[in-house]
Structures are given as C-alpha cells and as structure tokens.
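Those protein sequences? They're chains A and B, same order as listed. Letter by letter, the first sequence follows residues 1 to 288 in the numbering used here. Letter by letter, the second sequence follows residues 289 to 647 in the numbering used here.
Just so you know, not all the hints are guaranteed correct.
Examples of chain A residues toward chain B, derived with CB under 10 Å [what the hints assert, rightly or not]:
| no. | residue |
| --- | --- |
| 1 | A22 |
| 2 | D181 |
| 3 | A186 |
| 4 | A187 |
| 5 | G191 |
| 6 | A192 |
| 7 | P204 |
| 8 | K205 |
| 9 | V209 |
| 10 | T211 |
Since the hints were derived computationally from the structure, they do not count as laboratory data. Think of the CB as a built atom: it goes at the ideal place given N, C-alpha and C, for glycine as much as any other residue.
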Amino acid sequence: MSTKIPNQKGWLLVLPVVVLVAFNAIIPLMTVINYSVQETFGENVFFFEGVKWFEAVLHSSRFHLALQRQLLFTGIILAIEVPLGVAIALAMPRRGPWVSICLVLVAMPLLIPWNVVGAMWNLLALPDIGLLGRTLNAMGINYNYTRQPFAAWATLIAMDVWHWTSLVVLLAYAGLSAIPDAYYQAAKIDGASSGAVFRYIQLPKMKRVLTIAVLLRFMDSFMIYTEPIVLTGGGPGNATTLLSIDLVKVALGQFDLGPAAAMSLIYFLIVLLLSWIFYTVMTKDEVQ
Amino acid sequence: MARISLTDLRHTYRERARDDADWALKRLDLNWEAGSANALLGPSGCGKTTLLNIISGLLRPTEGTVRFGERDVTALPPDARNIAQVFQFPVVYDTMSVYDNLAFPLRNRGIPQVSVDARVREIAAMLDLEPTLDQRAAGLTADGKQKISLGRGLVRADVNAILFDEPLTVIDPHLKWRLRSKLKELHQRLHTTMIYVTHDQTEALTFADQVVVMNEGMVVQAGTPVELFERPRHTFVGYFIGSPGMNVLPATFEGGVARVFGHAVQTAVPPKAPPPGARLEIGVRPEFVRFSTAGIPVRIARSSDTGRHRIVEAQHENAIIKLLVNEGEPLPGERAFVSFDPKYTQLYADGWIVEGGRP
C-alpha cells in the first residue's frame, strides 16, 4: 500500500556517535592490538611477531604475581566493603533530619580526587610525622608502610575501604529506601524476627543494587592505579605492585610496547570475563 | 476471633494537637462483633487507614483504648495482637515459594512442621493456590500475590481479625469481582472478624454487613448498607453512597413544616425543631423522587441513559433535582412537577439529620 522512499539521510544522524565511539574506543583498541602482535626497535619500524608477546606474558611469573596480588586485593576489599556498606546502610536513619546529614557525611570520601586520597593517606600513615603512623608507633606497634609489605597492604586496604565503602552504602541505602513500609508492617504482623526481615525482605530487595555495587567495586578495584601509586608506588619492593602498576612500568618505564599491549589485552579480557561471571552468577535466579 | 471495641479513641500525627484540624482521628467509639464482616468507607485522607493501623497495632493511638474481647491491647505490638493485615499493594516474600510464603507466619511462631503443612494445604485449597504452591511467589500475577497476602492471614487459625487496606486497588477490574466474591465466601466459611477499608462504595456495600462511613477523621454513620441507603445520618453519606448521590436541597422549617422552594415537604418522621440559625436542607435520593401532578414545578434539563434506567435532571429555578425514571417510561412535557416519597425524605441541620420530635 505505502511505497517506501529510500532515504539514506538517517546515517548522518548516527555519524556523531560512530565518530565518538571510533575515537574513544575502537581506534585506541586497534592500536593496542596492533602493538601486541609486533616488535619495534624505534624509528617507527615494526616487525610482525604473531602471538609471541601473549605467550611471553602468560608464561611470565612477574605477570602471575601481579595478577595474584590483584586478585587478593580485590577479594579483600570486596569482602570488607560490601558487608560493611550494607551494615552502615542498615544503621542509617530511614527518615528525619539526620538522613541528609548522614548522606552528605557518607558521600564525602567519594568527592575527593583519587590522587588526593593517595596523598592524604601517604601523609597520614608516615611513621615519623603522620597522625596514624606516629600513633601506631607510640602504641608500641612497629609500623612502617614504606618498609613492611604487610603494613603497606594494610594501609592500602584501609585507604580503599575508607574511600569506596561509601559507594556501597549509598547504593544499599537507595535499595533499602525503595522498600515500601507495607513489607515491614507485614513482617511485623507475620511475627518475623529482624534476622528474617533482613534475610527475606531487605536482602532480596537490595539484590539488584548490590549486584551493581559488586560489579562497580570489582571493576574499579581491579583497575585501581592512582591511589596505590601515590601511596606506595608499588612498594616496598614489588609488594603492592598491582596489575595496573605493573602495566605502566612495562609500558612507560621499560617502553616495551609489544608486551605491554599484550598485557593490556589480557588484562582487559580478565576484567571482562570476571565481570561476566559475577553478573551471571548474581542474576541467575532472577525472575523474568 | 474476638469482638473489637474502640473507646474514646483519638489520634494525631503531631507532637501536640493545637486545634480540631490537627486530629487525624477525632474522638470515636466503635464496636465490631466477633465474626462480623465490616467495612470502613470514606474518601482518601478521611482517617480510615489510620484507624486500621491503630487496630492492627502499627500505630499507637494518642488517646483511648483498643480492646479485643475483654483484653486491652492498646499497648501491644502487632505480632502480639494476633491479627492479619492485607495491604493495598500485595506483599510477598519474593525469594520464597508460594508454599513457604504461606508457612512463614506459622514457622515464625514455632508451630511443628506437620501442622504447618496441613494448614498451608488447606488454605491453599480454599484460595485456589494449590497448583502454584511450588512456584516462586515473585512470578505470580497481582491477584495471585494478593491471595498469598490474604493466605498468610488465614493460615493462622487463632487470628483475632483480618484487616484489609484497600486490597483490590492494583487488581484488574475483571478479577476484582472474583476476588471480592472469594472474600465473601471465605468469610461465610471461616467466620473470622474482617474489617475492610475502601473508598469504593460497591466494594464496601457488597462485602460488609456493617459499614462505617468516615469523613474528615470522624465516623459519620455506622450501619447496615440498607440503613446507609435509606436513612443517611449526614448529607455526606447521602452523596458519597449511591449513584447518583442524594439530592440535597435548601429548606426552611416553620411551625412544624419543612419547605423546599416554598413547597411543604413531608419527612419520614415529623422532625423536632432544629437548632436556630442552622443551615437546613432536605435530603432525598433520586430513587425516591417521582414526577407527579402537583408539587415542585420543574423543567426537564437533561436526561442520561444508564441502561436500566434514566437519570433525569429536573430544574427548578437554579436548583437541579435528580430523579430516576424507569426505561421506557415516558417523560412529562415542558411543565412538570416532582414530589418526594415521604418515607425516605429527611431534614438535615448543618449536615446532620434532624431526629424525630416526640409524637
């Protein structure tokens, strides 16, 4: 009945997005892929090397160690920040003037630039002049995060928990606020204990936001760079050299573009894979 | 099961009530017999949900006492009162199966699994939930979920009362009717005291034996559906219940005779003298107005067809008097008169009915 008039002008409307995506994602990624399969000795001369760099990275114990440190770091901070964030969100007032005060206080760490967070904790933890470092040493605890790997890790984790638990709190709080009063009233009438209320009402209703919180915290912590580089610089030794720090050392310190590119891609695939696993596991029994 | 009585009850959501408007519930006394089906009817914001939450114990009244039978429960929390409540939006525990949802209130009370199972299956059968027992509750439709909410109230055999807070709001119209008849059926079978809050007169009048009409935090009238229809104690009840609502016409009262537009009108009972200076009105439902050969002269302004009958708007000067005319009955011509059936005609002073004087 209606005759279609061919009109290709629509492509013009898509063009800006195509250009944007091309410049901020596809072209840089292609450059990295390009580097990852070639060797260069400078002067813009490249030789094709196939998957040599990938093999090298996958077999290097240096990469394995950095990956293990990274997994350990992410595992620890998730295990602390998610339960702690939920606990704080549960403890926060649900209504009244304290709500906004609490929210602002909680959100504060999120507003501080990452390198400032690193610098703050660096100063705070310095054993001779920092408030935290001096106090710990005055209490008889031998604490020096620039020399002791354990102290460096503890400081790093404390910093991340301080900086990012707020994100989990805010998301969990949003999830809690979305639960209608009728649920609590029904639970009261059904004689449910507060444990049961948490288990059967609050946790299920928070599940979606918690999925987002875990994913965000996983990805961000897995790619963390700024704060640890300012705090410990990856040291002492290589004790806190996480994947991103190692990558920067390879790429910019040693200027090994090929291995660094291969490492970036492997890194990227690990993040993608783990995010996918997290997401699939956490949403697997969701009702459609 | 118990008789529920409220005595000298008042409630305000403020720290301290300064004037009359601060009271969400003005002083009221109400009694609901054990095993009765009751409705609380009123427009949004009239205080009916507040009253319901006071009965269930979610709210503690500012003043007055709540008794279940002889027991004073005013200070008791909801779980100690042994009542069930069905909310406007269905509340189900998403992660549990339908079975576990129904078993939840029993398990919380430490009842042995054998009795839990028997009771859950019995209630599921009553509510036609049997085929879905093993499904996740979250996957059910709104009416299915509302049945679960109701079921969680019914499983407790010793429940004192079941309270409904506009339970059909989110249910599709064609299912509303089914769920409503289900409720009625359940009440006849179990004889649990039920209190049903709604702003929908059809729901209230079809469900309840006793209807309490509320407005602005006050109980305006409590009575059977027939009483509310035939003898509204307040003009508010007159036009809130009935479709179309009652005609309320300005009136005068002199020498024992009530007049509307100068025409003498007989009322159901000869009224005693109303308080001086009060605003007087005559109330009569459209069902009880007739065209006649004498009475108030009117001109027919409009007629609309509802199927069973026509609603005719007859105009006298600037006032409209509505009346119902059966389908197929001819309308009079230009010059017509209307008269009221004295049995169902009442005099109101400042909105409240004027009771009969001594005979």
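Going down the list of hints, with the structure as the test:
Contact between A22 of chain A and chain B, as hinted, is not supported at the beta carbon level, the nearest pair being about 42 Å apart and thus beyond 10 Å. Taking 10 Å as the C-beta cut-off, the interface hint given for D181 of chain A holds, the closest approach to chain B being about 9 Å. Given the 10 Å rule on beta carbons, the hint for A186 of chain A holds: about 4 Å separates it from the nearest Cβ of chain B. Interface hint at A187 of chain A: satisfied, since its Cβ lies 8 Å from the closest Cβ of chain B, which is below the 10 Å cut-off.
Here the hint on G191 of chain A is kept, as its CB sits about 4 Å from the closest CB of chain B, short of 10 Å. Look at A192 of chain A: its Cβ gets to within about 6 Å of chain B, closer than 10 Å, so that hint holds up. Taking 10 Å as the C-beta cut-off, the interface hint given for P204 of chain A holds, the closest approach to chain B being about 5 Å. The beta carbon of K205 of chain A is positioned within 10 Å of a beta carbon in chain B (closest approach about 8 Å), and the interface hint is therefore held.
Taking 10 Å as the C-beta contact cut-off toward chain B, the hint placing V209 of chain A at the interface is violated, the least distance being around 15 Å. Hint on T211 of chain A is violated. Least Cβ distance to chain B is approximately 14 Å, over the 10 Å limit.
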